[in-house]
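Chains as they are written, first to last, in the working numbering: chain A, 1 to 415; chain B, 416 to 830.
By construction, these hints were calculated from the structure, which means they are not laboratory data.
All C-beta atoms, glycine included, are put in the ideal place defined by N, C-alpha and C.
Treat the hints with care, since some could be wrong.
Using 25 Å as the maximum straight-line C-alpha spacing, the simulated DSS-like pairs for lysine-lysine come out as follows [as the list claims (entries may be wrong)]:
#1 B/Lys761 - A/Lys328
#2 B/Lys591 - A/Lys328
#3 A/Lys218 - B/Lys633
#4 B/Lys743 - A/Lys346
#5 B/Lys623 - A/Lys218
#6 B/Lys633 - A/Lys159
#7 A/Lys176 - B/Lys743
#8 B/Lys547 - B/Lys591
#9 B/Lys494 - B/Lys547
#10 A/Lys208 - B/Lys623
#11 A/Lys121 - A/Lys176
#12 A/Lys132 - A/Lys208
#13 B/Lys443 - A/Lys328
#14 B/Lys591 - B/Lys443
#15 A/Lys218 - B/Lys591
#16 A/Lys132 - A/Lys383
#17 A/Lys159 - A/Lys116
#18 A/Lys79 - A/Lys132
#19 B/Lys743 - B/Lys422
#20 B/Lys443 - B/Lys574
#21 A/Lys208 - B/Lys633
#22 B/Lys591 - A/Lys176
#23 B/Lys443 - B/Lys487
#24 B/Lys827 - B/Lys781
#25 A/Lys176 - B/Lys443
#26 A/Lys218 - B/Lys574
Each pair of labels, with its calculated beta carbon distance range [to be verified]:
#27 A/Arg130 - B/Lys827: 38 to 46 Å
#28 B/Ala442 - A/Arg130: 33 to 41 Å
#29 A/Gln141 - B/Glu754: 54 to 62 Å
#30 B/Asp626 - A/Ala27: 27 to 35 Å
#31 B/Ser555 - A/Ala172: 27 to 35 Å
#32 A/Gly69 - B/Ala587: 49 to 57 Å
#33 B/Ile418 - A/Gly129: 34 to 42 Å
#34 B/Ser811 - A/Ala27: 33 to 41 Å
Over 12 Å on every C-beta distance to chain B, these chain A residues come out as not near it, computed from the model [said to hold, decoys possible]:
#35 Lys85
#36 Glu215
#37 Lys281
#38 Lys328
Listed below, chain by chain, are the residues.
Protein chains: 2
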Amino acid sequence: MAIDIEKANATVVERFMEARPVATTMAKAIEVVPGFHENMLLHAGPPVTWERMSGPMKGAMVGALIFEGKAKSAEEAEKMLSGGKIEFSPNHEHMCTGPMAGVISPSMLVYEIENKTHGIKCFSNLNEGRGKVLRMGAYSQDVLDKLRWMENTLGPTVKTALEAMGGIDIRAILSKALHMGDDGHNRLDAASVLWTTQLSPWIAKTAKNTDTAFEVIKFLGENALSILNPVMAGCKTMTAAGHNVEGSTIVTIMARNGTDWGIKVSGLGDRWFTAQSPIVKSLYFPGFTEADACRDIGDSVITETAGIGGFAMANSPALVTFIGGVPKDAINTTLDMYEITYAEHKQFTVPLLDFRGTPTGVDIRKVVEKQITPRVNTGVAHKDPGVGQVGAGVASAPMSLFEDALVAFAEKYNI
Amino acid sequence: MAIDIEKANATVVERFMEARPVATTMAKAIEVVPGFHENMLLHAGPPVTWERMSGPMKGAMVGALIFEGKAKSAEEAEKMLSGGKIEFSPNHEHMCTGPMAGVISPSMLVYEIENKTHGIKCFSNLNEGRGKVLRMGAYSQDVLDKLRWMENTLGPTVKTALEAMGGIDIRAILSKALHMGDDGHNRLDAASVLWTTQLSPWIAKTAKNTDTAFEVIKFLGENALSILNPVMAGCKTMTAAGHNVEGSTIVTIMARNGTDWGIKVSGLGDRWFTAQSPIVKSLYFPGFTEADACRDIGDSVITETAGIGGFAMANSPALVTFIGGVPKDAINTTLDMYEITYAEHKQFTVPLLDFRGTPTGVDIRKVVEKQITPRVNTGVAHKDPGVGQVGAGVASAPMSLFEDALVAFAEKYNI
Numbered sequence: 001m002a003i004d005i006e007k008a009n010a011t012v013v014e015r016f017m018e019a020r021p022v023a024t025t026m027a028k029a030i031e032v033v034p035g036f037h038e039n040m041l042l043h044a045g046p047p048v049t050w051e052r053m054s055g056p057m058k059g060a061m062v063g064a065l066i067f068e069g070k071a072k073s074a075e076e077a078e079k080m081l082s083g084g085k086i087e088f089s090p091n092h093e094h095m096c097t098g099p100m101a102g103v104i105s106p107s108m109l110v111y112e113i114e115n116k117t118h119g120i121k122c123f124s125n126l127n128e129g130r131g132k133v134l135r136m137g138a139y140s141q142d143v144l145d146k147l148r149w150m151e152n153t154l155g156p157t158v159k160t161a162l163e164a165m166g167g168i169d170i171r172a173i174l175s176k177a178l179h180m181g182d183d184g185h186n187r188l189d190a191a192s193v194l195w196t197t198q199l200s201p202w203i204a205k206t207a208k209n210t211d212t213a214f215e216v217i218k219f220l221g222e223n224a225l226s227i228l229n230p231v232m233a234g235c236k237t238m239t240a241a242g243h244n245v246e247g248s249t250i251v252t253i254m255a256r257n258g259t260d261w262g263i264k265v266s267g268l269g270d271r272w273f274t275a276q277s278p279i280v281k282s283l284y285f286p287g288f289t290e291a292d293a294c295r296d297i298g299d300s301v302i303t304e305t306a307g308i309g310g311f312a313m314a315n316s317p318a319l320v321t322f323i324g325g326v327p328k329d330a331i332n333t334t335l336d337m338y339e340i341t342y343a344e345h346k347q348f349t350v351p352l353l354d355f356r357g358t359p360t361g362v363d364i365r366k367v368v369e370k371q372i373t374p375r376v377n378t379g380v381a382h383k384d385p386g387v388g389q390v391g392a393g394v395a396s397a398p399m400s401l402f403e404d405a406l407v408a409f410a411e412k413y414n415i
Numbered sequence: 416m417a418i419d420i421e422k423a424n425a426t427v428v429e430r431f432m433e434a435r436p437v438a439t440t441m442a443k444a445i446e447v448v449p450g451f452h453e454n455m456l457l458h459a460g461p462p463v464t465w466e467r468m469s470g471p472m473k474g475a476m477v478g479a480l481i482f483e484g485k486a487k488s489a490e491e492a493e494k495m496l497s498g499g500k501i502e503f504s505p506n507h508e509h510m511c512t513g514p515m516a517g518v519i520s521p522s523m524l525v526y527e528i529e530n531k532t533h534g535i536k537c538f539s540n541l542n543e544g545r546g547k548v549l550r551m552g553a554y555s556q557d558v559l560d561k562l563r564w565m566e567n568t569l570g571p572t573v574k575t576a577l578e579a580m581g582g583i584d585i586r587a588i589l590s591k592a593l594h595m596g597d598d599g600h601n602r603l604d605a606a607s608v609l610w611t612t613q614l615s616p617w618i619a620k621t622a623k624n625t626d627t628a629f630e631v632i633k634f635l636g637e638n639a640l641s642i643l644n645p646v647m648a649g650c651k652t653m654t655a656a657g658h659n660v661e662g663s664t665i666v667t668i669m670a671r672n673g674t675d676w677g678i679k680v681s682g683l684g685d686r687w688f689t690a691q692s693p694i695v696k697s698l699y700f701p702g703f704t705e706a707d708a709c710r711d712i713g714d715s716v717i718t719e720t721a722g723i724g725g726f727a728m729a730n731s732p733a734l735v736t737f738i739g740g741v742p743k744d745a746i747n748t749t750l751d752m753y754e755i756t757y758a759e760h761k762q763f764t765v766p767l768l769d770f771r772g773t774p775t776g777v778d779i780r781k782v783v784e785k786q787i788t789p790r791v792n793t794g795v796a797h798k799d800p801g802v803g804q805v806g807a808g809v810a811s812a813p814m815s816l817f818e819d820a821l822v823a824f825a826e827k828y829n830i
């Protein structure tokens, strides 16, 4: 059968761009996430065994089991995790995404993000803020206490507000925030305050009391990553809409687990292509160096997959103070990404480049031809469990992912 | 006496930059504004008589008298205004600022903005949002109804929240918002949501009921100019700190009333230098043309006087969709303003220009030498009373202001 790659790719990126994700409500993960069960933990990136698992992901899994009440101590949790009592499964196999370690456990509340154009629902958990947090592999008492507050207070309050207001249009917020210094991944300062500003009146109206309204609005407003998780799930609803189009060479999933990078390609079904995850080129927090860094980790690269994040970095010159480099690098990163993408986004634009659309839809053919791989703005976790974030920077996907995928594509389609 | 202009100017810009304005509370104008009285109306720009007054300013004065209960109709108000019953005085003579017509009447609530570094208090009224509003010269029933809601609900709720939280640091918000696509004058999308996000938890906690909290937070969050008035008063506390330094050639006030532009210079005391206000180079709203435009109007150019607004436009390439031009113009405007300013701001920076400080402190010597006048991002009001905004664009101050001031400077200091 002759395939029309151009037509297939045009279909895929059109779906990416037409997708309109809306945050509608929250629910317990076990109740809404497809294929989840009580003895499963979800995680970022491609599949991984306990033996090969990165430190921060191990730490987050330990914390999650204690949070679930399944283990009383780190020792007990590790025993369960290494003993085959718990099934590990990638978020992406369950229409989920999670930043960094990305661990989602059954009783955690997750956002439901619905792509209203294509009727696809994806999920992500609540964001804990910066610093010592589960997603960076920390699981001390204060981390667990905050998770419980999120479960009992933050989540239910946000859920009620979201339902009362009829949901929040994630794409509309991103379109605006990309003109407000955000890249849509590592810098979400604007999107997070826009999110908070839309939620706040409804929280004030519907929270169980004014003290709860106060603490929830304050927490959301002070967390510059409040909207990261709904943005990630929103981006997944975009790229999922373009997955499984026969003959397409567009990447629909990129994700890392701190050990491996993995990608999936629209025309290559459910096969993961994986390679060792790189060390992030990073600015380190005081007291840390590259020797402390876990390899690149997290599902957040779904933002780049959808055409923002590092790909939209020309919108975010101020971000270089956080991830390193000079403002000109920000513009050059976006320009480079045009080389390996199929389209310019219709909803997300770069004012500085005369409102050109962001580079959208990584084409494995172009990556291999140009020998340029996708660039990602990202946080860096400590390589050991229990520590937390140590820096932020820029990572490049391994070239072999795209080479392997291209070989598989040629085989599948007899090219 | 030999004067040291360089030293004087360094002192002035140092005060501009060291000033830290904080929004502390609100009060009725008559109770806090120096020199105000019951039969006075304050207005934007330099002094002006009823006969020479621009249409939108006349409209705003009519609306203010009806709002105050001093007149029952536009006819009655006009009769009072033209008959010498009401004294008109520039905001700037009373430590006030107001956008566009800038009319402040005795019973209006005003923000108190305190420069904590120098102990200077300035004031501005509440922002009405975009569209048909008093500051643009409209005074229909819906305009007056909104003013009353602002007086009875919005203002008291914000006042209580500001006091409970201990005030909001305007300079800190501006520093951040300038890295979020704002110029700090015509585009305040980011600053306004940061302002709303800081206020919201306290409004939720202290509003008289949840319905009030809901409507106030929603109004603030949806008004992309919520923070404009406190920003203007904040900028005035900066430049006022630098006024009246002997021997300084730095401009401390720029303001327009729709008829004239006026400036004051630090080393030239309380003398206004004035010239006819220009027509703004503007993008017009559908249905309007330059023939509908009032000449440049408003105290909002105090932002440029303090080193932001048009001067920081390199931070705001997306603004060209609202005021006209292409993104490159935004960068060039900032670069041009370095030619006529004395310093680069220590608190306000431009990421795209490698975090260079914004051009700060207009030096009348440089303006005349380079033949470049300050450029201002601004709204445009209809020239007739009662209509409202018709566009937005860029204005350049008349050169003669600076030439006249330089002559006066030479005379005063025997140069």
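Hints versus structure:
Between B/Lys761 and A/Lys328 the alpha-carbon distance is near 22 Å, which keeps this suggested pair within the 25 Å criterion. Distance hint between B/Lys591 and A/Lys328 is fulfilled; the C-alpha atoms sit about 20 Å from each other, no more than 25 Å. The suggested pairing of A/Lys218 with B/Lys633 holds, with an alpha-carbon distance near 16 Å, which does not exceed 25 Å. The hinted pair formed by B/Lys743 and A/Lys346 meets the criterion: a straight-line CA distance of about 22 Å does not exceed 25 Å.
Proposed proximity of B/Lys623 and A/Lys218 is supported: the alpha carbons are some 19 Å apart, at most 25 Å. Distance check on the hinted pair: B/Lys633 and A/Lys159 sit about 18 Å apart at the alpha-carbon level, within 25 Å; holds. A C-alpha spacing of about 20 Å is found between A/Lys176 and B/Lys743, which places the hinted pair at or below 25 Å, so the restraint holds. The straight-line distance between the Cα atoms of B/Lys547 and B/Lys591 is roughly 30 Å, outside the 25 Å bound, and the hint therefore fails.
A threshold of 25 Å between alpha carbons decides the hint, and for B/Lys494 with B/Lys547 the separation of about 24 Å falls inside it, so the pair holds. For a cut-off of 25 Å, the pair hint linking A/Lys208 to B/Lys623 stands: about 16 Å separates their Cα positions. With a CA separation close to 23 Å, the supplied pair A/Lys121 and A/Lys176 stays within the 25 Å bound. A hinted pair counts as satisfied when its Cα atoms are at most 25 Å apart, and A/Lys132 with A/Lys208 does not qualify at roughly 29 Å.
About 49 Å separates the Cα atoms of B/Lys443 and A/Lys328, which puts this hinted pair outside 25 Å; it is violated. As the CA atoms of B/Lys591 and B/Lys443 are separated by approximately 30 Å, the hinted pair breaks the 25 Å bound. With a C-alpha separation of about 18 Å, the suggested pair A/Lys218 and B/Lys591 falls inside the 25 Å cut-off, and the hint holds. With a C-alpha separation of about 14 Å, the suggested pair A/Lys132 and A/Lys383 falls inside the 25 Å cut-off, and the hint holds.
Using a Cα cut-off of 25 Å, the hinted pair A/Lys159 and A/Lys116 holds, with the two alpha carbons roughly 19 Å apart. Under the criterion of a C-alpha separation no larger than 25 Å, the hint pairing A/Lys79 with A/Lys132 is consistent with the structure, at around 24 Å. For a cut-off of 25 Å, the pair hint linking B/Lys743 to B/Lys422 is broken: about 35 Å separates their Cα positions. For the proposed pair B/Lys443 and B/Lys574, the alpha carbon gap of about 11 Å is at most 25 Å, so the pair holds.
Taking the CA atoms of A/Lys208 and B/Lys633, the gap is near 19 Å; set against the 25 Å cutoff, the hint holds. With a C-alpha separation of about 17 Å, the suggested pairing of B/Lys591 with A/Lys176 holds against the 25 Å cut-off. Among the hinted pairs, B/Lys443 with B/Lys487 is consistent with the structure: their alpha-carbon atoms are about 22 Å apart, no more than 25 Å. Under the criterion of a C-alpha separation no larger than 25 Å, the hint pairing B/Lys827 with B/Lys781 is consistent with the structure, at around 19 Å.
This hinted pair does not check out: A/Lys176 and B/Lys443 have alpha carbons roughly 36 Å apart, beyond 25 Å. With a CA separation close to 18 Å, the supplied pair A/Lys218 and B/Lys574 stays within the 25 Å bound. Taking 38 to 46 Å as the suggested C-beta distance range, the pair A/Arg130 and B/Lys827 does not conform, at roughly 55 Å. Checked against the hint of 33 to 41 Å, the C-beta distance between B/Ala442 and A/Arg130 comes to roughly 38 Å, which is consistent with it.
Remark: the range hint 54 to 62 Å for A/Gln141 to B/Glu754 is upheld by a beta-carbon distance near 58 Å. B/Asp626 and A/Ala27 have their C-beta atoms about 28 Å apart, which keeps the hinted 27 to 35 Å range intact. A C-beta distance of roughly 31 Å is found between B/Ser555 and A/Ala172, which places it inside the suggested range of 27 to 35 Å. Look at A/Gly69 against B/Ala587: about 42 Å separates their beta carbons, and that is not inside 49 to 57 Å.
One distance hint, 34 to 42 Å for the beta-carbon pair B/Ile418 and A/Gly129, is violated here, with the actual separation near 54 Å. Our hint of 33 to 41 Å for B/Ser811 and A/Ala27 is violated, since their Cβ atoms are close to 57 Å apart. Every C-beta of chain B lies more than 12 Å from that of A/Lys85, the closest at about 42 Å, which supports listing it as non-interface. Taking the minimum C-beta to C-beta distance to chain B, about 7 Å, the non-interface status of A/Glu215 is violated against the 12 Å cut.
Here A/Lys281 stays apart from chain B, with its beta-carbon at least about 20 Å from theirs, past the 12 Å limit. Not every beta carbon of chain B lies more than 12 Å from that of A/Lys328, the smallest distance being close to 8 Å; the non-interface claim is violated.
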